[in-house]
Amino acid sequence: MPKITLDGKILEVDKGTTVLEAAQAAGVYIPRYCYHPKLSVSGNCRMCLVEVEKSPKLLTACSTECADGMVVNTASDKVKAARRDVLEFLLINHPLDCPICDQAGECGLQDYYMEYSRARSRFPAEDKVLRQKRRALGPHLMLDNERCILCTRCVRFCSEVTKTAELEVMERADHSFIDLKAGKTLDNDYSLNIADLCPVGAWTSRDFRFKQRVWFLKKAPTVCLGCATGCLTEAHHNEGEVYRLMPRPNAETNTWLCDRGRMAYKSLRAGDRLVKGFIKNGLIDLEPALREAATRIDEAKGAAAVLGSPWLSVEDNAALALLAAAMKTENVCFDFKFETGIKDGILINKDPSPNAAGAALLKAARGGLGLDEFRARLNSGAIKLVIAEARAAALLKDELKASGARLIAFATNRGDIPAGAYATLPYASYFEVPGTFINYQGRRRAVEPVVAAPAGVKPLWEVLNKLAAYSGASLRLDSAADAMKGME
Amino acid sequence: MENILLRDKVAELEGYFAAGGYRALKKALAMTPAAVIDEVKKSGLRGRGGAGFPAGLKWSFIPGDAPGPRYLVCNADEGEPGTFKDRELILKNPHALLEGMAIAGHAIGAASGYIYIRGEFAAEAVKLEKAIAAARAKGFLGRNILGTGTDFELHVHRGAGAYICGEETALLESLEGFKGQPRLKPPFPAVKGLFASPTVINNVETLAAVPAIIERGGDWYAAIGNGKSTGTKLFCVSGPVNKPGVYELPLGVTFKELLEKSCGGLQEGKRLKAVIPGGSSTPVLTAEEAWLVKLDYESLAAAGSMLGSGAVIVIDHGQCMVKLLQVLARFYHHESCGQCTPCREGCGWLEKLLNRLESGRGTKKDIDTIVSVAEAMMGRTICPLADAMAMPAISFVKKFRSEFEAHAAGRCCPPDAPVKH
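Chains as they are written, first to last, in the numbering used here: chain R, 1 to 488; chain G, 489 to 909.
Just chain R, same shape as in the assembly (with noise of 0.2 Å):
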């Protein structure tokens, strides 16, 4: 294992360790646009340079490998020199737009500026090279060239990450812009981890574009529901509305976070969020609602079923485990089994649901009956009526149809309905409420809440108490936690 001295620390690292690994790793920052731990090493953007003894020329740190007995220096007067020069050459050709820039904020030329150099331009604005500003590139990106410093790293995404290879640099020097190649658009499924990799503002989300000053957000820990992988991930918000989504890196899932996922935050404002309850067609508020569905529940007495969701956490799939037990029927159903695994090489899973898994414990702790036995039971008419969350229930639409049972359905979203649906029930996200869930690797993650809920608009776990109530029946329900009773 090659040591060397950095800094005057002596550090021993790996084989094949390169310097800004070994100085990062021992805590010492070396500035960088264009190296990205995930992408291949370019080293073109010469803000890493280091000085090591006994070469002539600095060097970057970025792909210099650590050598046995090699002495680094990364804060010499010599480094912050180049540092320096490299950020004023960066800056020349720069527009310099920030008070209109979304990177603003969490740029790396206002940062590293701030920290290396301060220096006063010599550059005369009349001078600048001009290029394309405002193009719109694929569905969820905008390119701003004039503030590109050509680091590559979007390059390089598309053909290392998503291997799509959409983007080229064009043209030499000074006039070089980043540019799409002949045929391509840019709507990989990936497309938004671009304006994430992209160091300064020139490619920025056209969803997030002008929202919100990056300052004023807050950024909260969740976890990605948009399909088995669970990607980790964190919100973005400010005064109770989040603005956007973006991966939160970690070895054990991902790096990235697919352009679905990231959308997701949108159903929470979005204009079929459900607020009140629906009795058939008719809008109608949430206790009225309640008071019909428990109604046509005592009417179907045995005939009535239960079904879980691979889309709701543990704790709602127990408390509807909880209501099926009050209810005393037999017909409940925590079984779905999708086929798991990455299915793009990336992030996106084959099964579309975040829970299967922890549906699943439910199946283990309390039985049921099979997805197909269930399915088959609904057929021959011995169910009437299913309780159920509105997408689990999409699952079995063509049979609810067929047989006329009724459907009582919860749901977020006006569109995760299936058509038909007799009572629906509205309960709060899982951005606004704690839940757990259990990945693809088995992993269980934790969610907290990241805003509050729409007024009158409760957790699942309490909809279904309520529900319960109605029936003259008690779960006794206090909280989600209370709820893993239901796994008794």
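For the record, the hints were derived by calculation from the structure and aren't laboratory data. Misleading hints may appear alongside valid ones.
Partner residues are not named here, just some residues of chain R that face chain G (Cβ under 10 Å, in silico) [claimed, not checked]:
{"#": "1", "residue": "Tyr33"}
{"#": "2", "residue": "His36"}
{"#": "3", "residue": "Pro37"}
{"#": "4", "residue": "Ser42"}
{"#": "5", "residue": "Glu65"}
{"#": "6", "residue": "Ala82"}
{"#": "7", "residue": "Val86"}
{"#": "8", "residue": "Ile92"}
{"#": "9", "residue": "Arg122"}
{"#": "10", "residue": "Asp127"}
{"#": "11", "residue": "Cys151"}
{"#": "12", "residue": "Glu171"}
Below, a list of computed lysine-lysine pairs in the BS3-like style, where the Cα atoms sit at most 27 Å apart [stated by the list, open to error]:
{"#": "13", "chain 1": "G", "residue 1": "Lys667", "chain 2": "R", "residue 2": "Lys133"}
{"#": "14", "chain 1": "R", "residue 1": "Lys38", "chain 2": "G", "residue 2": "Lys680"}
{"#": "15", "chain 1": "G", "residue 1": "Lys673", "chain 2": "R", "residue 2": "Lys163"}
It should be emphasised that the depicted structure is a prediction, and the values quoted were computed from it without experimental measurement. Using N, Cα and C, we set each Cβ at its ideal position, and we do this for glycine too.
Chain R is already provided as a structure; the job is to place chain G on it using the hints.
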């Protein structure tokens, strides 16, 4: 002394063969690759493209135990302003290059080679294609050369007009079909070059010198020249001299000798002001510095410049140094590949500063900015293109500051410069 490279009546295979051509190849194929490399090492032959790296040593870097193919690439992308020697060599003595390549291919174990030729050299590319066809027909190239069982296929590839493709790793990128941009080193081409295989890249002039070295011995070649600068060199002389052109002379010849004996001196009425001794990227020398300097690697380094490609650009007092530097800046700005920040942004900035000064809109402060921008570019990029811009910029200002100041003061440059506006 007799010319080794630029000889008469060898442009076609018959003439070349009659003059003893392809005998060195036969001799080399009977030698072990190691013995060929040793002979070239002994000769002291150094890279004629500009960097002056010992050729034999370069060949010896090819890992002997590496599996898979190795490649030999000839850099004929002669693009350094002021340089026009490889073109002359290809037209006058193409078989020396082909024979040199076949020998080098044997030395490094390469069964195929490429000649990457500057896109504008259309006639030269045709000349090479014809020469290759003729040599192949006689069994000097292709499969089973001269019945020895050794193969060496040679391909000509024309560039598309980028100066940067003369940089060896950008050349490889271009040869592979990508945009010509220099690669990060390490890995060096000897380990991972063309198609990720061990590769040697040599200049036309370097490879063309190999047959003579093999035929007459490394010691014979090493005796020519001056100290560690062995052999002959092609000098491309341009500027207001009576006989501009390409001259083959032993390394170590003085500028004075080159100018007076070979080039017939300066044109009448011209006074020597400065000399760029090794192509546009090398630091300029004043007339005093240049006059007795020996044109070889060490002597020019000691004088603060470089032998480079051997392109001697003669500048007389009628020329404006600000204008000349502006022309260079325009060139390097146009040719920067745009990969590294200092070069991409610096070359353009320098051109703008020089445009300003040259047109009389500049200030004294701009002169200092030129130097500091150039210093900020030096040694901070993947390839030496930034240095190639910075070195002349720094040396022009340092040695001819009064001309820059005259421009900054709105006057024309002294004393017998062309009248401005």
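Hints, one by one, checked against the model:
| no. | hint | result |
| --- | --- | --- |
| 1 | Tyr33 | 8 Å, holds |
| 2 | His36 | 15 Å, violated |
| 3 | Pro37 | 17 Å, violated |
| 4 | Ser42 | 7 Å, holds |
| 5 | Glu65 | 8 Å, holds |
| 6 | Ala82 | 6 Å, holds |
| 7 | Val86 | 5 Å, holds |
| 8 | Ile92 | 6 Å, holds |
| 9 | Arg122 | 6 Å, holds |
| 10 | Asp127 | 5 Å, holds |
| 11 | Cys151 | 9 Å, holds |
| 12 | Glu171 | 7 Å, holds |
| 13 | G/Lys667 / R/Lys133 | 25 Å, holds |
| 14 | R/Lys38 / G/Lys680 | 23 Å, holds |
| 15 | G/Lys673 / R/Lys163 | 25 Å, holds |
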